[in-house]
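**Student:** Chain order of the listed sequences is U and Z.
Sequence positions in the first sequence follow the working numbering and run 63 to 709.
Sequence positions in the second sequence follow the working numbering and run 63 to 709.
Think of the hints as simulated: they come from the structure by calculation, not from any bench.
Hints may be right or wrong, so weigh each one.
No copy is singled out in the list; a pair is fine if it fits within one copy or between any two copies.
Claimed, not checked - As a list, the in silico DSSO-like pairs of lysine-lysine whose alpha-carbon atoms are at most 27 Å apart:
| # | residue 1 | residue 2 |
| --- | --- | --- |
| 1 | K632 | K562 |
| 2 | K509 | K558 |
| 3 | K494 | K543 |
| 4 | K632 | K622 |
| 5 | K124 | K476 |
| 6 | K494 | K587 |
| 7 | K622 | K546 |
| 8 | K632 | K124 |
| 9 | K439 | K196 |
| 10 | K509 | K537 |
2 protein chains.
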Amino acid sequence: MDILIKILVITLQFLFTKSQHHPLDPLNPNEISQIHQIITTSHLASLPNLTFHFVDLEEPDKKQVLHWLSSNNQNHSTFPYRQAKVVIRGGGETREIILDLTNGSIKSEHVYTGDGYPPLTLTELLRAARLPFKSLQFKDLVSRRGLNSSEITCFPFTVGWFGESITRRAVKLSCFYRERTTNVFSMPIEGLTILVDIESMQITKIITSGRGTPPLPEAEGTDFQSSGRTNPSPHCEINRSFTMNGHNINWKNWRFHVGFNARAGMIISTASVFDSGRNEWRRVLYRGHVSETFVPYMDPSSEWYYKTFLDVGEFGFGRSAVTLVGLTDCPGNAAYMDGYMAGGDGMPQKVPRAICIFEQYTGDIAWRHTEVGIPGKVVTSGEQEVCLVVRMVATVGNYDYILDWVFKQSGSIKVRVGLTGVLEMKPTTETKANQIKEQIYGPLIAKNRIGINHDHFITYYLDLDIDGEHNSFVKANLKVKKAKGSPRKSYWTVVKESAKTEDDARLRLGTNKVLDLLLVNPNRKTNLGNDVGYQLMTGQPAVSLMMDDDYPQIRASYTKYQVWVTAYNKSERWAAGFYADRSTGKDGLAIWSKRNRSIVNKDIVLWYTVGFHHSPCQEDFPVMGTLTNGFELRPVNFFERNPLLKN
Amino acid sequence: MDILIKILVITLQFLFTKSQHHPLDPLNPNEISQIHQIITTSHLASLPNLTFHFVDLEEPDKKQVLHWLSSNNQNHSTFPYRQAKVVIRGGGETREIILDLTNGSIKSEHVYTGDGYPPLTLTELLRAARLPFKSLQFKDLVSRRGLNSSEITCFPFTVGWFGESITRRAVKLSCFYRERTTNVFSMPIEGLTILVDIESMQITKIITSGRGTPPLPEAEGTDFQSSGRTNPSPHCEINRSFTMNGHNINWKNWRFHVGFNARAGMIISTASVFDSGRNEWRRVLYRGHVSETFVPYMDPSSEWYYKTFLDVGEFGFGRSAVTLVGLTDCPGNAAYMDGYMAGGDGMPQKVPRAICIFEQYTGDIAWRHTEVGIPGKVVTSGEQEVCLVVRMVATVGNYDYILDWVFKQSGSIKVRVGLTGVLEMKPTTETKANQIKEQIYGPLIAKNRIGINHDHFITYYLDLDIDGEHNSFVKANLKVKKAKGSPRKSYWTVVKESAKTEDDARLRLGTNKVLDLLLVNPNRKTNLGNDVGYQLMTGQPAVSLMMDDDYPQIRASYTKYQVWVTAYNKSERWAAGFYADRSTGKDGLAIWSKRNRSIVNKDIVLWYTVGFHHSPCQEDFPVMGTLTNGFELRPVNFFERNPLLKN
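Chain U extracted, bound-state conformation (with noise of 0.2 Å):
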């Protein structure tokens, strides 16, 4: 009855909220509750076990969105279908169907019986993390140990793939104290390792060290409060400047679209930026989201090997959104957008505020002149610098990931990954720096607990359509040239190379001598004849370093490049596969390039990696500052001129 009234309300909510529809939008709730009720009144309904993994919009093809878009978006007649696609489980088996919300039926159907698996529901994690608490196993350990079983939080980690030929749905379990201490993650509980069999939901294996393992570190001077040295933001009048239409956005010269999803969180759509010299709005990006991240440990040991998360594709960014708190995750003058998915047992679940958006007043100088050339003036001109932020934060466990997006009037698309939250810890029985031996995988941090060092990966998928869908993917290299009959010796010049097919365009980032990284749509022309185009500005870039051949790193074998470009192809949106849970690396990005397709002046996607190698430090306890990386689509040659300024 509670879930009803549940349904009810939600329902209820979005249909009041006045909202303008786009093809892309995500799956209101009432479509959820739709796709539920068909497929529980189904021959599916009777299949054991039947849960929810996947429910998302089944995107309608490229051209029906930019047909309607275009047409005004007032012929309701050319409003692309509405089809979800679902993937659930059921007598042990995975299944993917396409549903058509128009009449509601099931379009298709079909087991998949390839590798790996959906992501995990929240409803099968809880449940996971719950049974040590029914083992009298566990009780009689964790007693033994001296602790108390109601302060004990255990939580489910995926267990990846390490050469198994058969492999089972599972999670482990590492457990925490939390007695003493909201900082859960910072009280592990060493050499206690529980295996779980999440088909059958029971307890396959605790695994225990014995003698030797260190103890519980103390609780003291784990939990994190501010310093309160901040003062709240300044009180500000503020005219917001951007409307927000259902989904759609838009603020000065720009407009998009913001959908969230359970697997991707936020998704940027239909960017356009308006050229003010042509009088026309012009199209950039078409879909942009966070595709994989991959985050291995860096410790071979048998209680932590294991640890190389897939999180988008095993747990979701969208299912791991936080509700953003005002004032602390957005500034006062935030717009805040809520996010729904559907829950394990494949009913709407609603994350209020999953998405900010806020005019962001930086205090920088968008562009400046002071001109003492004309006599008898000091001319200064200039403008301050405005952008707008659309935000999202994911906490996947300890892990905090900040993720937005930037545009900015110069026509530029920021995205920025900030990371925060809690380090995962080991307990060690040192106490001084100098008395860790190298093979403990990390720096001692704090107090009996080292900080083992880690990867982070965040993939992302950029279907960039600079004026169009046909673009190609330009190296703007630097060549250093003899200068003669000069009294200089040399100088570099620029070649510009276009990457023919994929292989091309795989590049691992960091030598000096690659200036640009430029997407280009050789059908459109500036004026002056430039060759229309957007171009990549990289961040600190950051490549896998393990073995080609480790398990891991197979699942993940993109991350030994940061850029790839590939032929558009609707279903190839996941960087390690869709089915990254236990994924043997037989899909992915890496996998689909080995066709090496064309990408001369076809519809191509842009994959960026933004990479970190953190080996923790003190300053990283009990709770890291935000380490911040990214990249910036900037345009060149795109505008005639600089769009900040007056035509």
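Starting from the known structure of chain U, arrange chain Z on it as the hints suggest.
**Tutor:** Quick look at chain Z alone, frame taken from chain U:
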């Protein structure tokens, strides 16, 4: 008489400014006047054409400064003697003079006979720029081109050095047409270079190119006006939370000193951060500032080859500092500091509002975490980021350099360089990009205009004193290891290596294997036994690509590496040598480093070069949007725990 009144006004202004003393306070107008008086009443007064090229505080020894600061700033008997270093020219010679301002005497004096010259004075530059308008040949030439000489502005450019065995002080003038535009630099008059001998202040030669010289481009579309799209920043009630006593700034957990001189511009000194855990102020940075810039243009043709500027040494960033404009250059909550320096005549000159200081409410998240592991609760904690920005802008002709020092409560210092202003352009008869041949040295970026390819290398002098003078430089490298006895095959670990000598610390960045560059104090450990340190987080790497034996590269040979560490030596401040004008590479960072001094547990200086390779695009016209790069100095095991939290 006018000058006397001006001095009086400045002196009175200064006297009535309540200011706390600091041994590194820049020379105040009284002191500058005193220096002028001492010299003009000494035997030096009789030198023909006496001009003042450099007038700066002769820094007291670090020991004296630190002693006075540690004695609670109260003991006047230990306040270091105020001394000044002055470089004058007269009778064709360069003289270095040390003055004692306490007893008003000349302490030492000698004639400099090495290569290169001191910075050009503004008076010299202005006089040189006016010479053409007294030249009949010039007037005749421009009128034959149909140009009105009263609409022409000529700018002086330094001439560099190209292997000449004897050099004279000289500039080359390039001229621009300002009829119908305020964007002077957008209207270059090509094929006309005027060589001026500075000592005789006469035109030596007017060099014209013959037929085929491209005509003046059109003025249409060259003016820059704001789009007006940006709202003024929101009206805020600000409670400023920093104090400014003279040059001393106190803000939250930071205190530091902001100085100014004609050469470096803004100088940050004696920056300490409060450690609430230890309840003490801890030293981080003794002195930091821009040391030199190198801006070579990539056009070896006869009219352009010499454009290879060392702006700081040839002109001075303080000399080029502009008066900051509220709501364009700095937000509404900024406080301002004036800058003082000596003119070519030795008299004090004021740059009103040369520096601004403001709190930046970025909208970013300093740290956060959402904890779901406590039954029945979702706990979100966190804090907004608030920084303190110290900013100046140096406009060196066409380019505007925005120079920010950003202090964070995390203990980080971020240093940013923003490039904006107007490109150096070359007229062309071509109107379409595909007509441009490679040898034109840059792309077509506006009608009949080539934007010449060029670099910017901004080199910072960073005398970090982490918890004291004796520091070491540590490279933390990533090393991939084979895992044994594990389902995993590999992992990375961190191998730290202390640089023994200056050679070991000279680095060209860009490889994926360098994790961290650290300055540590090997004499101070955290309670856990980690070396106390700060990390250099670098930005996009760029080093100079010109051939090693090319003359401009010989002068700026240090730009082949981003990172240098040298043994501290008070006299080693200017990366391309003190006498940068027409320098021949016999002084500077690369030369000092040849001694390959030990840098282990020594007072050491870190040098970092922020680099840009700039191949322009249409968006850079008629004024460039700001392009930003920089670096961060971040505490790593400096604090016992995250300093953003309460203890």
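**Student:** Would you mind marking each hint as holding or not holding in the structure?
**Tutor:** Status of each hint after checking the structure:
1. Taking the shortest Cα distances, K632 and K562 sit within 27 Å of each other inside one copy (21 Å), while across copies they are farther apart (55 Å).
2. In this assembly of identical chains, K509 and K558 lie within 27 Å of each other by CA distance solely across copies; the values are 22 Å between and 54 Å within a copy.
3. With identical chains, the CA atoms of K494 and K543 are at most 27 Å apart between copies only, with a shortest distance of 24 Å across copies and 55 Å within one.
4. In this assembly of identical chains, K632 and K622 lie within 27 Å of each other by CA distance solely inside one copy; the values are 24 Å within and 46 Å between copies.
5. Taking the shortest Cα distances, K124 and K476 sit within 27 Å of each other inside one copy (24 Å), while across copies they are farther apart (43 Å).
6. Taking the shortest alpha-carbon separations for K494 and K587, only the inter-copy value of 10 Å comes in at or below 27 Å, while the best intra-copy value is 63 Å.
7. Proximity of K622 to K546 under the C-alpha cut-off of 27 Å is restricted to the inter-copy arrangement: shortest distance 22 Å between copies versus 41 Å within a copy.
8. For a Cα distance limit of 27 Å, the shortest separation of K632 from K124 inside one copy, 8 Å, qualifies, whereas the shortest one across copies, 65 Å, does not.
9. In the homo-oligomer, the alpha carbons of K439 and K196 lie at most 27 Å apart only across protomers (22 Å), although the nearest pairing inside one protomer, at 82 Å, exceeds that limit.
10. Proximity of K509 to K537 under the C-alpha cut-off of 27 Å is restricted to the inter-copy arrangement: shortest distance 25 Å between copies versus 49 Å within a copy.
The earlier numbered hints are all upheld by this structure, with none contradicted.
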